[in-house]
Structures are given as structure tokens and as C-alpha cells.
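Chemist: Chains as they are written, first to last, in my numbering: chain C, 726 to 1275; chain X, 726 to 1275.
Just so you know, the hints here were simulated from the structure itself, not pulled from any lab data. Some hints here could point you the wrong way.
Copies of one chain are not kept apart here, so a pair can be met inside one copy or by any two copies together.
Stated by the list, open to error - In the SDA-like style, the derived pairs of lysine to any residue whose C-alpha atoms are separated by at most 25 Å in a straight line are: (1) Lys1225 x Ile1206; (2) Lys1179 x Asn1265; (3) Lys1071 x Thr1152; (4) Lys1159 x Asn1265; (5) Lys835 x Leu989; (6) Lys1263 x Ala1024; (7) Lys1010 x Gly1171; (8) Lys1059 x Ser1086; (9) Lys906 x Ile1206; (10) Lys906 x Leu989; (11) Lys1104 x Arg1037; (12) Lys1102 x Glu903; (13) Lys1059 x Gln1183.
Keep in mind it's a predicted model, so treat the numbers as computed, not measured.
2 protein chains.
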Amino acid sequence: MAEKLKIIALGGLNEIGKNMTVYEYGGHMIVVDAGIGFPDDEMYGVDMVIPDLTYLVKNKEKIRGIFLTHGHEDHIGAVPYVLREINVPIYATRLTAGLVRLKLEEHRLKADIRTVEAGQTIQTGCFKVEFIHVNHSIADSVALAIRTPVGLVIQTGDFKIDTTPIDGDVIDLTRFGELGKRGVLALLSDSTNVEKPGYSLSERKVGESLDGLFKDCQKRIIVTTFASNVHRLQQVINCAAKYGRKVGVTGRSMENVLKLSIELGYMDVPEGTLMDLTRMKGMPKSKQVIITTGSQGEAMSALYRMAFSGHRQVEITNEDRVIISASAIPGNEKTVSRVVNELYCKGAEVIYSEYPEIHASGHACQEEHKLMLSLIKPKFFVPVHGEQRHLQTHARVAAEMGINPKNIIISDIGRVIEFSSKSAKLTGTVPSGKVLVDGTGVGDVGSVVLRDRKHLAQDGMIVVVVSMSSEDGSLISGPDIVSRGFVYVKEADDLMSGMKAVVTDAIDGCAARNISDWATIKSTVKSRLSDYLYRKTKRNPMILPVIMEI
Amino acid sequence: MAEKLKIIALGGLNEIGKNMTVYEYGGHMIVVDAGIGFPDDEMYGVDMVIPDLTYLVKNKEKIRGIFLTHGHEDHIGAVPYVLREINVPIYATRLTAGLVRLKLEEHRLKADIRTVEAGQTIQTGCFKVEFIHVNHSIADSVALAIRTPVGLVIQTGDFKIDTTPIDGDVIDLTRFGELGKRGVLALLSDSTNVEKPGYSLSERKVGESLDGLFKDCQKRIIVTTFASNVHRLQQVINCAAKYGRKVGVTGRSMENVLKLSIELGYMDVPEGTLMDLTRMKGMPKSKQVIITTGSQGEAMSALYRMAFSGHRQVEITNEDRVIISASAIPGNEKTVSRVVNELYCKGAEVIYSEYPEIHASGHACQEEHKLMLSLIKPKFFVPVHGEQRHLQTHARVAAEMGINPKNIIISDIGRVIEFSSKSAKLTGTVPSGKVLVDGTGVGDVGSVVLRDRKHLAQDGMIVVVVSMSSEDGSLISGPDIVSRGFVYVKEADDLMSGMKAVVTDAIDGCAARNISDWATIKSTVKSRLSDYLYRKTKRNPMILPVIMEI
């Protein structure tokens, strides 16, 4: 039986973020992207989510390299965690490589990073990987055309079609068309914005809106966007230069990315345009621009601190025009709104998502997907990077474009798709899932800990401590009751003494029935107290009985 | 000095929800609306938020009545809590009155509810309150024109302008125009959708979309919307009747509201259209419609249970078309998305907010506000019902419409606006704020409890128990360490024994320095353990040292 190509997503299917795809053929394996996801609402206290790396670790001898499509966190954020487990070369374009290096410095890790340009092809093991230029909301993004022994597979990475991009470099549609003509076995394509009809907005249109907001403006202009959106930053700087303003930068990630992209030549900043914030103080407001982090209203970001009067150098007044050149990522709507409201309260004029063409998404809309499908004409189609709603919508679009519905495969993380040159099917599964990162801990917060955190968050907790004799089980001291997050204790005397009475009564009851086993006593205390509190308050705090044996 | 009219918002300014406005003149007071707000993300475990009622309770002798504009929770939800404190008549239109009665039954409260019709005027104390019909996403909504000794004040309540409403009853623009001609001292107007340009969609357009989704459909149709959206429900029932389908209803609030609106004559359901869900089981799918709760993806709502296979009567298959005829309230985007994804996974076709004209908002957009301002031509303008961004945008729109900017007042909850027949100004403040309702507790969860819940949610907690001799302070037993929500204890042996060592060492250190004061020992244990854990894990669990005195 001939060897099959296996494609396995370890992240990015049925979810937004933590993108990671494995290509496997015989003894050869490559990994495309290694991203993080953001914790959802129920993941209390979790900093980020990474893919389960079990399958990679198990096959570490096979892995020839990690190929990165672009420098966003959901595609490169997990690189340090992968490198701790396996040592393989990383292939990436220059900007992506630079961003990975920044990240590895923070983690004090070294790696073999190999810089590739769009148009180049890397051969490793039985795979030949061609980098193809695409447009996206970060510079230097690529799709990958992966030549395998059973045929050519294209993975788009995140992309859009921008016919007037800032760097003049339109997505390489010709190359996709050439490959399509020669025959593409399978296409794995970004589904993020497939629900949106029509075409995405060109980045250049945002520049026109920005220009309108700079022209004749007498106020200081404060702009926030995603730090990695190099082309947006370039347009802000262009406007500043055009209207004779100096630009100060605040927020660590913004400073880092700007420095890096200037060094690498991805940004062109006219001499003397950038200025240290502290030096701008005395200047007329109409000559100032501040570029800041905080487009998602993140607590403690520079814009957040400005809004809540906690920024050391910037005080917001009615002489400020604040431009939030970004849309809120689902789940961040309220935090962004809170910052907008505070800025308004301080007298600022605030321009945000309700303003026309103030932000352009980096993801293709429905008509762009149709164009790509018509060029690539894949035999098999696998929608990726999206929740179920996006994957199914993308499948429907592909079917409308003439892809045989039987050849459209909606997979899931950990599921194996096996390809021959003629067939594709879902076969087995490999370990996959969400590994939670909390502080320095990777994977030590799981469902039990999260369930407890949720319980504690909802109704708080009560600790009941008694000390009992190890000889005859008699009560020596207590019950002492400590509560947190339940009620304001200073105004709940009755409830506190009621609790003590219930606990004492429960322990006496056990003694009367000659129950001396600690576990039974604890569970009796817990259930009696729980009933009492639910009756009194309709709440269910966590109850922790502790018995000290003396 | 002549008496002034005071208008004081106790809720609904700088926030969405918990609307409540007080009108006070001399010894007379009326209250407009008594709504709840939804807890924000930081209010762990809180069920709802109501206005601080201190000012009402303090002035209970003055209050002549509560006037309700319509039956949504953010306008009537706090009525039971007000009635527990003060006993006054409630004035409302029939449907609103019916919904309040349902609510009071749940709370086992009785009240003096007086039914009023649009067009009627109620005189009470020195106020004459005229009810004026408006369009909104619930039937029987009114604005109030309040004649006071210093002049006429109009409070719009929530409204939109719908020239083709389902009940044929267009907002009474003529009456607003007549009052405008005679002279309106002040207008308090809904700001919810003022950021949106243009006009809101007519409810009838949603009916046309629904019709398109019913026509030729062979699947079972499941529709969810806000239970109180009587006209939307009417349109679903009309479609069902037109295409020969039976309608089953699931979800308690949906059943209650439907029953009430049929009883009161707000809905017209053709004989035999409604059917018990259990009786529909054997029928062809193409003959079934199910109306369900869960348009916000609420956990345990009927639609949620269907999606997660927890509904006893409804199993979702590929023979279902699910229509979510609602938009997600900010903050609910992710929960709605989760339900949509699950429905897709079960094979259903899902129609939601991305589908054109599948939902119409109940709030006026910018052009409608301009129309109202042009009719009413108030001397003073007070934007209400909105966050700061909405209030300021509404202020800007009013200024564009020719209202003197000096006469536009952006107030805040608890702030007093004093009106004479010629002037208006912000003067003092009265007690106001958010009172949190958790279970049966009203106001017993405050900032201390919330801070603890947040801390517990983020990093969990650790209880350290020791028993010490009351005579010489020597350690008798322990330390015992219990943790919850911190790490998975079974896989953290090293950390647990490390913690014990640190605690023992801290206590020994105190003994060596002859420290016998419990408070000092506790704080030493806490800080030593906290340092240790942060170094090991970069986390800050709550640490609770308990010393039992033996």
C-alpha cells in the first residue's frame, strides 16, 4: 500500500487562534505556524492557550522544520513553547523572523531561524515549500505551496486581496493561478471573514480617512491600532509628515515593533519625524501625534492609562482627537467602550469603529474567497482558521464555486486527513486540545482548577476550621469560620453566628451518633452548612471544612 | 425665590440599563421607570444591578407615582425592589402593566397598578403626565409629556420611528409637533443608537425576510427572538399560518409573554396554530415551527439546551433551519457564537445576524433623532439612556439641529438639574449608584466582596491552618494546607511540600524572635508564602492563614 499524506490541524479549527497544522508523509513532518489563542470567559486567570504538543513531541525525530506564514500572535505566539520541547529550524520571512526573535529574547531562548523571501522554495525531507506573497494586516505575509509526494497542497495563511496595498505589493494572484493550472490537490484556506459579503476594504482607504482627520485639525492627534500593523503605522507617519507634525510613541509592544520594522526597512520614516514623548511637552498641540498601544482597551495599555489618568506623560484634554483605528476583537467590545467613554469624559474627541473606513480587516471577504477558489481550483478543499460557522459557510461558498461537495472536508483539531493523489478522507485522531498557560505554569491549570475558580468567582468561599481530639474525637477548639467573596462579613453578624451554630450542631450530631471518621464529619458539616446558606441567601459558596487533629 | 423643578436620573446615564428618573417640585415627586441593569464582567456572581434607592426612600412621602414607559427589564425590572421600600401607585399602559403583574407575582408582591392608554393624561400632585404613543421593539410603548409648574418636559422613553409598524400604529409625531409648537422646556431623549447614521429598519422588513425563509422551506423552522418582542412573534406566527405550519413554544419567559399578549389582545393567533410541543413530534418537519428563548445564547435557555443536546423535546438535525432574529447585546457576542457553532455542528442551517434584515433594532438612529428634535424644538436638551459616547454624540446632533449648546446638559446619575421656566443648571447631587443583587441579597455584595471574588477567580486560594498553644505560642499541630483553584494538587507534590516548609520556617522564625502575636505571625506566613509562590509560579493566589488557639 502506498504511503499517504496526513494533514492534521493541532489548532485553528473550530476555534479562532492557536493555529498549527502538521503535514506528515512517511518519516517526514513539517509544522505550519505555532500560534496562541486567547482564553475564553470561563478560563479564569488564564493568560493564554497553546496547542497540545503531545503529537509533536512524540514525533520529534520526524520534524524537519516549522514554517511561519506571518508574525501575528495567533501564528507565532507558541513558538517558544514548541522550542522548549523540540529543536528544529524555523523558516519565516524577514519581518516574521524579527518578531519571533523579539519573542525568543523575552523567553531567553535561542533558535535556528532561517529567513526566506516570498518566491523562494525550501526543500526539506520529502516536502518542497514555496513561499507566496499575500496581503494581510501585517507586512511580509505568505501563503505556502507545499509539494508533497501525492500532490501540491496550498495553505493560504491569513490573507486578503488588496489591489492598492501600502507597499505596492499586491497578493501574487498570478502564482496561485499558475499552480491552479498545473493542478492543486488540496487548498487549506483562511475562513475568518467568509461570512462577510463583498470585498474587504483596501488599507489605502484607511489612509484617506486618516488624512481627512489630520487635515485642518488643530488638536493633538492620538492614534492607536494593532502594534503589528506596520502599514497602518506607516500611513499615520505619512500623515504626520505631510501636515508637519512630530510623532511620539508609547506602549512597549508599539515601541518594539516600530523599532524592528524601521531597522528591517519595512517602514520609511522621514528624518526628524519621530520624537521622544518627553521632548514633545512644550510643543503646540497641533504639531503633535502620539501613536499608542491599547486598541483593544487592554487594562494597563498606554491608551487605557491615558483614559484613566494613569499615564505619566500624556494628559487627555479637549485639545485631543483620539483615533482608534481598529475594530474590537469579539469579546473586547466592552473594554474598548469603557476606554472610549473615559476619553469622552475627559473632553477628547473620539473617532472609533462607528466612523467610516477607519479600519480595514486583514481577512478576505466572500468575493475574494471566490476569486482564490477560481484561480486555485483545488481537487479537495479544507476550510481552516475559523469556528464551525465560518468553516461551514466557507464550505458552502466552495460548493457554489464548483468544488465537489464530497471533496470538501470539514475537519477538527486532532483529526487526521489522509490524502493520496486521488482521494482524501478523515481517518484517525491524534492527541490535541487546549493547554492553558497561567504565569509560568504550562498545563497545570486544567478543568478541576478552572471549575474551582468559577465556583469561587460566583459565590466566594467559606473555610470552617475545628480542632478535634485524635483520641476520642471530641471538639477541642472552634469552629472558626473565615469567608471571602461571600458576603460583607462586618454587616453579616447574624449570618456568621448562624453558621457557627449550624456547624456546632452538625458536629454534635456526629458525636451523638458516634461518628468519628473525619471524612464523614466533614461532609456532614459541608452539606448542613450549604443547605443553611442556600436557604438564607440563595447562594452556593464553596465550603471547605478543615479538621485539625490534636 | 420661586420653586425650581429638579430632574435627577438615578440610573440610565453613563450606562446602558437601570433606567430611573425622578421629577421633583416642592413637595411633589414622580418617578419615571424603574429598571435593572446587567452586571458587567467584573461583577462576578452578581445576578443584576438596580439603582440606589436611598433618595426615593428618604422622600417616600413625596412620591405620587411611578410612571412606566414600556415593559422591558431595563425599565420595569426594579419595580419589585422599589415596592418593597415604598408603596405608591404605578401607571402604565396595558401590556406594560401585564408584564409588571407577572413580575410581582414571582416576587409575591401586590401593588396598585393603574392602566393608562396612550393619549390619556394623569394628574398627580403638581404634575400632569400625558402618555404619547411611540414605536419600539415591544408593543404599547409610550413617551411622557410632563407638565410641571415651570414648563413642559418630554421624556421619550425608548423609541424609534417606524412608518410601517406591525400594529399599524405609527409613533404619534403629530402630538410631538403640537407640543413643540406650544413650547417645550426640556427634552430627555433616548441615545442608544444615536451613533448609527440614517434611519432604523422597519419591523415590517424583518417580516419580509422571515417570509423568504419560510417560503419553500422543507425543514422544521426554529425561531428565537427577545420574548417581549410581541410584533416579531406576531410576524413569525403570521408566516407559520400562511405556510400551513403549527407553532410550538418553549422557554418559560416566551410562554409567559405569549400567553399574556394573547390574553390582552396584543397578538392575533389564528385558531389551531399553536400546538403543544409534545404533540408536534410525529408531524412532518415541514409543518413545524418552534418559537424559543435563547436569542442571547443564555446558558440553560431553551435554544442553548437544544444546541447542547439538553432539551427534552427538541433534537437538532440537518432538517432544521434555526433563525436567530436578534442581535447580540454587547458582551453576549461570544455566547451567541457558541450556540451558533453547536447548532451548525448538529447539521442545522443557522440564520443569524450576518443575514440581511433578520432583526430590527427598537432604537432611533441619527436621522430619526433629528426629526424628533425638529418637531419638539426644546429649549433645553438632556440626552439620556446611554454611555458617555452616546450622550456626547447625541449632544452634537442636537447642536447641529440648532439647539443652543449652552442649553444642552450632559448629566450623570445622582446629579440634580434644576429648571426654572427660563434656566437650567446642574446643581447638587443625591445618593446614587449600583446596588448589586445576588441571590436573595440586595446590596450585601459590595466592592470588598467583588475584589475578593476577582482575586479568587484569577489565581484561586490557599488556606494555611496551624494550631498553636495559647500558653506559650508553640506549634501544636499543622501546618495543614488546602488549596482550590490554584494548581492541580495531585500533580503538584513538590509545590505542596515546598509550601509546608516555607510556612514552618516562617513560624519557627517568629518563635525564635519571640513573636507571639497572632496577627504578626499570620502576616509573616502570608508574605513569606506569597513570595515563594510568585517566584515559583508567577501567580498570586489568595492566602488565608488560620491559627487555632488551643
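Chemist: All hints are to be evaluated individually against the structure, with a verdict given for each.
Modeler: Against the structure, the hints:
no., hint, result
1, Lys1225 x Ile1206, "both (7 Å within a copy, 22 Å between copies)"
2, Lys1179 x Asn1265, "both (12 Å within a copy, 17 Å between copies)"
3, Lys1071 x Thr1152, "between (59 Å within a copy, 20 Å between copies)"
4, Lys1159 x Asn1265, "between (29 Å within a copy, 23 Å between copies)"
5, Lys835 x Leu989, "within (20 Å within a copy, 73 Å between copies)"
6, Lys1263 x Ala1024, "between (33 Å within a copy, 19 Å between copies)"
7, Lys1010 x Gly1171, "neither (51 Å within a copy, 42 Å between copies)"
8, Lys1059 x Ser1086, "both (20 Å within a copy, 19 Å between copies)"
9, Lys906 x Ile1206, "neither (75 Å within a copy, 68 Å between copies)"
10, Lys906 x Leu989, "neither (35 Å within a copy, 67 Å between copies)"
11, Lys1104 x Arg1037, "neither (58 Å within a copy, 42 Å between copies)"
12, Lys1102 x Glu903, "within (11 Å within a copy, 65 Å between copies)"
13, Lys1059 x Gln1183, "both (20 Å within a copy, 19 Å between copies)"
Against the hints set out earlier in the document, violations occur for numbers 7, 9, 10 and 11.
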